[in-house]
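Could you build the full structure based on these sequences and the hints that come with them?
Note that UniProt numbering gives residue 77 to position 77 of the sequence shown, counting from 1, and the numbers run on in steps of one.
Fair warning: there could be bad hints in the mix.
Simulated crosslink set (BS3-like; lysine-lysine; CA at most 25 Å straight-line) [claimed, not checked]: (1) LYS28 <-> LYS45; (2) LYS17 <-> LYS32; (3) LYS28 <-> LYS42; (4) LYS39 <-> LYS28; (5) LYS17 <-> LYS28; (6) LYS17 <-> LYS29; (7) LYS17 <-> LYS39; (8) LYS45 <-> LYS32; (9) LYS32 <-> LYS42; (10) LYS29 <-> LYS45; (11) LYS42 <-> LYS29; (12) LYS39 <-> LYS29.
Label-pair ranges, simulated between beta-carbon atoms [as the list claims (entries may be wrong)]: (13) LYS42 <-> ALA9: 14 to 22 Å; (14) GLU20 <-> ASN55: 26 to 34 Å; (15) ASN55 <-> PRO22: 26 to 34 Å.
No wet-lab data here; the hints were simulated from the structure.
Nothing here was measured: the structure is a model prediction, and the numbers come from that model.
Ideal Cβ positions, reconstructed from N, Cα and C, are used throughout, including at glycine.
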Amino acid sequence: MSLTSILSADDIQNAIKDCEAPDTFCYKKFFKLCGLSSKTPKEVKDVFQILDEDNSGYIEHSELKCVKGYGVSALPQALNLSLFFSICTFVPLPGFTSSTN
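Written out as structure tokens, the structure is:
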């Protein structure tokens with residue numbers, strides 16, 4: 001499975017272009033522009049698993065290669081599934097905590 005099997009390649013590219021200027025990366029806007037805010041909980045989990053390359057249960061800055069250099073430091077050091085889901089959909093994932101540890 002790839003990101004483009006869930007998200008539009010054009011949407012991803014447009015989201016990246018939106019944050020090309022230094023210090024303009026806003027993760028909530030980026031995930032919304034990618035189309036994640038309109039995806040089902042399962043699709044959001046699938047995207048999380050694709051991005052979590054080392055299967056640690058967290059998405060670290062190094063795993064967000066597509067936005068590296070665009071202010072990715074604005075994100076928490078690592079995102080767990082619950083926090084990622086909350087950011088992408090603006091609602092908490094039932095049954096999970098939103099801890100970043």
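Right, here's what the structure says about each hint:
1. Under the criterion of a C-alpha separation no larger than 25 Å, the hint pairing LYS28 with LYS45 is consistent with the structure, at around 16 Å.
2. Of the supplied pair hints, the one linking LYS17 and LYS32 holds, its CA atoms being roughly 14 Å apart against a limit of 25 Å.
3. With a C-alpha separation of about 19 Å, the suggested pairing of LYS28 with LYS42 holds against the 25 Å cut-off.
4. Restraint check for LYS39 and LYS28: satisfied, since their Cα atoms lie roughly 14 Å apart, inside the 25 Å limit.
5. Note on LYS17 and LYS28: the hinted pairing holds, with a Cα-Cα distance of about 15 Å set against a maximum of 25 Å.
6. Restraint check: the Cα-Cα separation between LYS17 and LYS29 comes to about 12 Å, which is no more than 25 Å; the hinted pair holds.
7. Of the pairs offered as hints, the one joining LYS17 and LYS39 holds, with about 21 Å between alpha carbons and a cut-off of 25 Å not exceeded.
8. Restraint check for LYS45 and LYS32: satisfied, since their Cα atoms lie roughly 15 Å apart, inside the 25 Å limit.
9. Taking the CA atoms of LYS32 and LYS42, the gap is near 16 Å; set against the 25 Å cutoff, the hint holds.
10. Restraint check for LYS29 and LYS45: satisfied, since their Cα atoms lie roughly 19 Å apart, inside the 25 Å limit.
11. Between LYS42 and LYS29 the alpha-carbon distance is near 21 Å, which keeps this suggested pair within the 25 Å criterion.
12. Of the supplied pair hints, the one linking LYS39 and LYS29 holds, its CA atoms being roughly 15 Å apart against a limit of 25 Å.
13. Separation of LYS42 from ALA9 is about 20 Å and conforms to the stated range, judged on CB atoms against 14 to 22 Å.
14. Range check, GLU20 to ASN55: about 30 Å between beta-carbon atoms, so the 26 to 34 Å window is met.
15. Against the hinted window of 26 to 34 Å, the Cβ-Cβ separation of ASN55 and PRO22 comes to about 32 Å, which satisfies the hint.
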